[in-house]
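Chains D and R, in that order, give the protein sequences. All residue numbers for the first sequence refer to the UniProt record's numbering, where the first residue is 1 and numbers rise by one. All residue numbers for the second sequence refer to the UniProt record's numbering, where the first residue is 1 and numbers rise by one.
Incorrect hints may have been included.
Said to hold, decoys possible - 25 Å max Cα-Cα, derived SDA-like pairs, lysine to any residue: (1) D:Lys354 x D:Ser321; (2) R:Lys592 x D:Phe364; (3) R:Lys413 x D:Phe300; (4) D:Lys668 x R:Lys84; (5) R:Lys208 x D:Leu351; (6) D:Lys399 x R:Ser65; (7) D:Lys735 x R:Gly55; (8) R:Lys441 x D:Gly329; (9) D:Lys507 x D:Ile470; (10) D:Lys299 x R:Tyr83; (11) R:Lys554 x D:Thr738; (12) R:Lys582 x D:Phe300; (13) D:Lys402 x R:Pro146; (14) D:Lys348 x R:Leu597; (15) D:Lys295 x R:Lys573; (16) R:Lys174 x R:Ser65; (17) R:Lys599 x R:Asp618; (18) R:Lys573 x D:Ser678; (19) R:Lys218 x D:Leu210; (20) R:Lys413 x R:Pro146; (21) R:Lys590 x D:Ile470; (22) D:Lys283 x R:Glu111; (23) D:Lys299 x R:Gln387; (24) R:Lys196 x D:Phe300; (25) D:Lys368 x R:Ser65; (26) R:Lys332 x R:Ser385; (27) R:Lys119 x R:Gln213; (28) D:Lys370 x R:Gln387; (29) R:Lys208 x D:Glu374.
FYI, nobody ran anything at the bench for these hints, they're computed from the structure. Fair warning: this is a prediction, and the values are worked out from it, not measured in the lab.
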Amino acid sequence: MAKKAAIKRKVKEIQPKKEQEIAAEESDSENEDLLQPIKDPGEDTTDDEGIDQEYQSDSSEELEFESDDEGNYLGKKNKEEQSGDDSESVEEDSESSEDEKPASVKDDGPSSSNKTITKTLQAIAESVRDPSKPEYEDSDTSDEEDIRNTVGNIPMHWYDEYKHIGYDWDAKKIVKPPKGDQIDDFLRKIEDPNFWRTVKDPQTGQEVLLTDEDIALIKRINSARIPNPEHNEYEPWIDWFTSEVEKMPIKNVPDHKRSFLPSVSEKKKVSRMVHALKMGWMKTSEEVEREKQAKRGPKFYMLWETDTSREHMRRIHDPVSAPKRDLPGHAESYNPPPEYLFDAKETKEWLKLKDEPHKRKLHFMPQKFKSLREVPAYSRYLRERFLRCLDLYLCPRAKRVKLNIDAEYLIPKLPSPRDLQPFPTVESMVYRGHTDLVRSVSVEPKGEYMVSGSDDKTVKIWEISTGRCIRTIDTEDVVRCVAWCPNSKLSIIAVATGSRLLLINPKVGDKLIIKKTDDLLAESPNLDVIDNERIKTAVQWANADTQEQEKGVRVVITHFKPIRQVTWHGRGDYLATVMPEGANRSALIHQLSKRRSQIPFSKSKGLVQCVLFHPVKPCFFVATQHNIRIYDLVKQELIKKLLTNSKWISGMSIHPKGDNLLVSTYDKKMLWFDLDLSTKPYQTMRLHRNAVRSVAFHLRYPLFASGSDDQAVIVSHGMVYNDLLQNPLIVPLKKLQTHEKRDEFGVLDVNWHPVQPWVFSTGADCTIRLYT
Amino acid sequence: MRRPKKYESGEATQYISRRAALRKLQLSLNDFRRLCILKGVYPREPKHRRRAQKGSSEIKVLYHSKDIRFLLHEPIVWTLRDYKIFAKKTGRDRAIKDFRNLKRRLALFPEIKLDHIVKERYPTFIDALKDLDDCLTLMFLFSTFPSLHLIPREQSNLCRRLTIEFLHYIIASKSLRKVFISIKGYYFQAEIKGQKVNWIVPHYYPFKPQSRQEVDFKVMSIFVEFFTIMLGFTNFRLFHGLNMAYPPQFPSNMLQDSEDTFKDESSFVSDRIAALNFELLRTDKVQEDEEDIDIDIDMDLLEQDGDSKRIIKMKQEAQETARLRTLFKGLKFYINREVPREPLVIIIRSFGGKVSWDSSVFAGATFDENDETITHQIVDRPSVSTQYISRDYIQPQWLFDCVNQRQLLPTNKYFMGESLPPHLSPFVDAKRDTYIPPEEKALHDPSLIETHAQSDDESEDEAAAEEDDVDQEALDAQLQLAYQQETAEYKKYGDADGVNEDEEDTDEYLEEEQSEEGSEEEEEEEEVDEKTKRLQAEKEKMSVQSGKVHKVNKRQLHKAEVDEHRLQARMVKPRHRDLFRKLIREKQSKEKEQWLLKKKRRNIEADAKEAKKQAKRDARKAAAAAAQAAAQLTK
């Protein structure tokens, strides 16, 4: 198809020339008239007829192309034109020409130049065959006439292997002309002067000799000029359709009357529209556009009349406004002080916490820029804004009171230790001599001497003021507890060693008292009461044998189980011992004057840890692992049970007035019980860092001390007021930490000097220390 | 009577899970999200989660059931449903290619109206101002956005318009208070009707394509949808409060929303800035002097009201702001083209300065570079080819520091090409108990700078003296110097020394307390202490001491003090113990941080000093070598 189009175009280009020639030859009078104005339009442009004629000739030219398909019709048309009845055909022609134009324009589409050249060559070759004979004289159209070969538009190399090149109209093979070899070609090239203008027709294989005109044409095409050399590109413009309004009609026919009369239907339509516009039902496109413009974007007005007035409106329930973002500190500056920049270690740490960014101390890496122009956009800015948006609509909100207090504020306001003197502040004496841990210490009621019992199976009696060991008494077993008789008129020490309780006369101090004590203990009183079997199997009283008498032991009370603790009643006649393994006979009360023992409890209430006599009332405190029971010894009944809420009680001590009890526990706590107040502790103190081994109240001063496995003795102020409404005041005063640590043990026992504010402590480091 | 069932009353009925809320409102999750953002409904944290969730202990998103009931009556819920219908119908039209109907429907797109929501969320104007921070920050970000899939051009354009209007208000009302260049952007703080409003303008150019997991622009766009309305109404009221016309009228060539400006990003930005450089039309002719008079009257009133601390503080603040308002009055700034103009224009114009830039590059310039009346030229490059002698060439940080300190600082530290002093944040509390860099301390107490300088000089002298001690003459000089120092010191601390030795106990005690509190004074004291120590050392070297005073072991004393405190701390009530421990831990970490910063600073300073000394020594050596060479030559 493309090929055809190209050929057509060629024809079109060539034709005007021919036409002119024809015109010249025929020299028809009318024709001359027609063509003249084209050649030099300056002659008579005003002539109306002339213009009409030219019109016609133009259209006739177009009509010739039409002939490609319609065959003879074209020739007739030409003749008609030539016969020259103009006026009627004008309109038709102009119409047809208008129809035709787009088609012809379409034909002029671009095609690749290489192909066109060969095709033009073909076309030219065909047209050249009989130049003198005009095409239109032929019965056949130019296209059909050319094609001798009927194979159509196929690549000719398909016939390369055959002897023929196609088929002619009679279905006979078109035999390829004999093809000479190269020598022939060469010879022809030498001999034939027209060799250079000989072209081979690819369709038929025939050789065609190009004429001079053809060569000129090819040259022009090759140099991209218009093929027709006579065509003037710059012809003066002829204004065919003049913009000037003519006074006279071009047509002869007058307009119809109805074209002057207004249309009724149109009028109706218009009036309807006008009415619609008036009523605002319809809008002009401008109005619509303007409205759209105005509608676009929000409208703002004075929403709030004043700054603070509030219109009553339904709001969301109990609104909680979102907290504001933190404002930046120095570290976020583009040019921070140098110390805010990360060093290598900090950088590493920051990068390491990539997966848990909340743990970083800063959510960004501080950077320093030399000048403002170097500061880039922050890479996480968008993300941060997005997260804030998420927080605003997704984060659950609640009103919380944020504590903004100083830690100091939580420490209760207590009087300064300075105002609560005297209390021991320094270590002033160390008593050395024991070779194993010292379990227990007890001070003489007058405060001159002191006794200690140790795991090295000895009891040592010391002079307090000098630190001299006066006497060492060997016993046969580990000394668990020593207790000096609180009665100053007796000089007796109770020593719990193994399962024996020894009553020792230390033979220090007033000679008279020593003598008196010896006399008292020498003879056993007559027992008129017969002990029952239960007591007999548990305890045997005996005087010490001579060997022991020399050491000072006067009475030996042998128990059936190892004794853990011994404690005196305030008057010095009764003493109580504790045997944890004794089951329901674990607590015993011995009466010295009658050399008699009692078992106060028939049932075991638990593992008894320690016992204690009330200083004033006939009450007896028994501490099991968890609880403390207070018994009335006269009425023989349980008065109270104190709930310690601790795991394991280690020791207890009672205030000299008898209303407050201090309990130490192995779970680091000390409990202060106000016996009048409640069965629950009035105060729980966690002063120590490790198990508390023992506590002791001072007899005179409002002081108490506690010793613990963390090697510390803590002296505290424990003031009890006579006014019942006033609560006891407890102030920790001083931590005395001079004992050394041995196998997890620190301080084992603490005891106060009866008169002075001095405290003794025994430790696992085989020493006894005095703090004053 | 029927026995009430579990979870029929109380906390379980107060809260409603998101799922239940969706079912109740008959909305999709997306619509619900949109509704929550627009209405400002947020999840609540119940007091007892388990009870609120009817026994289940997993963490659910809970809303207050009253809030959800409140949403039920919201008219925009119907609009959201209309959207759904709209999408369905237009989709159908498109599918069957019924374009006439489609066009008709598109024209009838259901618009959401948010005016009533603004009023409802912010019943008073002050409420709106309080909540302006997030709004402004997001709008400033959006105003720089290109046209995105989820963010239509109109939205970013509206953001741009509204933010510029807001900035105009800030300039006209002179309400800017603090400015700060952070690595994230420029922080501004303004005080509007007693409310502090902060916002961030990001460094140019903030937009980067983000993955959906990182940033969901749709959510942000919904926020902006509401914020534009809110800021619009706020602007309206603010402008009317200043008797200015709203919407503001800009010169015709400025701020045209033509297609060109949208296409060309740079012209878009430059227009935005240019608009800021013009006075706005006022509805009345108020002179600026009048405002000043107002302030004076206020001051008088304050003066009458006694001298309580608060009044004094207020007075000071008022004075400062008065000074700030006219900070740049009469100054003319020229901004070089490498400097980011927007923040600078806001700052300069809101404090009364005049500003311009290269008219050939950006629009909106008011005067040229060769104007002789320019007082400051802001440059951000190491050197400029043509310099005028009549003006200071300064770096942009000067403006920011001036504003934060409410005074015109000396420009010598900020000259072109100088290495700048650190830029400090104005938002930190001056009396906080964390680390305070020496630069900040110097701001509050200018005397500190001098002491620093002095001590530096002295130490340098000392160093020099040490080096020259081979020289006999130098030794003499040193002796003389030491004597002078000694006498000076005696004069200064003569009487103080006596007191010190007597009351060392109490002094130490005080010092301990101060160190624990981590107060500022301790720093000073330490400095003084160091100085005295050094002088003391010198004194000991030089002179013979007569007698020895009993010295209390400071360490022991300190230890005793600490022990006592610890014992007391053990008496904290059991119910406060955890809190106490937490507070102590926080305090310790804070102290550690402080110590770390201090140490770093000390190291940095020591290094700098060492480098300086080394340079000096090298110079001296070189000079000596040169002198030797010269001497040889003369021989």
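Tested hints:
{"no.": "1", "hint": "D:Lys354 x D:Ser321", "in the structure": "violated, 31 Å"}
{"no.": "2", "hint": "R:Lys592 x D:Phe364", "in the structure": "holds, 20 Å"}
{"no.": "3", "hint": "R:Lys413 x D:Phe300", "in the structure": "violated, 47 Å"}
{"no.": "4", "hint": "D:Lys668 x R:Lys84", "in the structure": "violated, 69 Å"}
{"no.": "5", "hint": "R:Lys208 x D:Leu351", "in the structure": "holds, 23 Å"}
{"no.": "6", "hint": "D:Lys399 x R:Ser65", "in the structure": "holds, 17 Å"}
{"no.": "7", "hint": "D:Lys735 x R:Gly55", "in the structure": "violated, 50 Å"}
{"no.": "8", "hint": "R:Lys441 x D:Gly329", "in the structure": "holds, 15 Å"}
{"no.": "9", "hint": "D:Lys507 x D:Ile470", "in the structure": "holds, 10 Å"}
{"no.": "10", "hint": "D:Lys299 x R:Tyr83", "in the structure": "holds, 22 Å"}
{"no.": "11", "hint": "R:Lys554 x D:Thr738", "in the structure": "holds, 20 Å"}
{"no.": "12", "hint": "R:Lys582 x D:Phe300", "in the structure": "violated, 51 Å"}
{"no.": "13", "hint": "D:Lys402 x R:Pro146", "in the structure": "violated, 42 Å"}
{"no.": "14", "hint": "D:Lys348 x R:Leu597", "in the structure": "holds, 17 Å"}
{"no.": "15", "hint": "D:Lys295 x R:Lys573", "in the structure": "violated, 68 Å"}
{"no.": "16", "hint": "R:Lys174 x R:Ser65", "in the structure": "violated, 45 Å"}
{"no.": "17", "hint": "R:Lys599 x R:Asp618", "in the structure": "violated, 28 Å"}
{"no.": "18", "hint": "R:Lys573 x D:Ser678", "in the structure": "holds, 19 Å"}
{"no.": "19", "hint": "R:Lys218 x D:Leu210", "in the structure": "violated, 76 Å"}
{"no.": "20", "hint": "R:Lys413 x R:Pro146", "in the structure": "violated, 39 Å"}
{"no.": "21", "hint": "R:Lys590 x D:Ile470", "in the structure": "violated, 57 Å"}
{"no.": "22", "hint": "D:Lys283 x R:Glu111", "in the structure": "holds, 22 Å"}
{"no.": "23", "hint": "D:Lys299 x R:Gln387", "in the structure": "violated, 50 Å"}
{"no.": "24", "hint": "R:Lys196 x D:Phe300", "in the structure": "holds, 24 Å"}
{"no.": "25", "hint": "D:Lys368 x R:Ser65", "in the structure": "violated, 50 Å"}
{"no.": "26", "hint": "R:Lys332 x R:Ser385", "in the structure": "holds, 21 Å"}
{"no.": "27", "hint": "R:Lys119 x R:Gln213", "in the structure": "violated, 34 Å"}
{"no.": "28", "hint": "D:Lys370 x R:Gln387", "in the structure": "holds, 22 Å"}
{"no.": "29", "hint": "R:Lys208 x D:Glu374", "in the structure": "holds, 18 Å"}
Hints 1, 3, 4, 7, 12, 13, 15, 16, 17, 19, 20, 21, 23, 25 and 27 from the list above are not met by this structure, while the remaining hints are.
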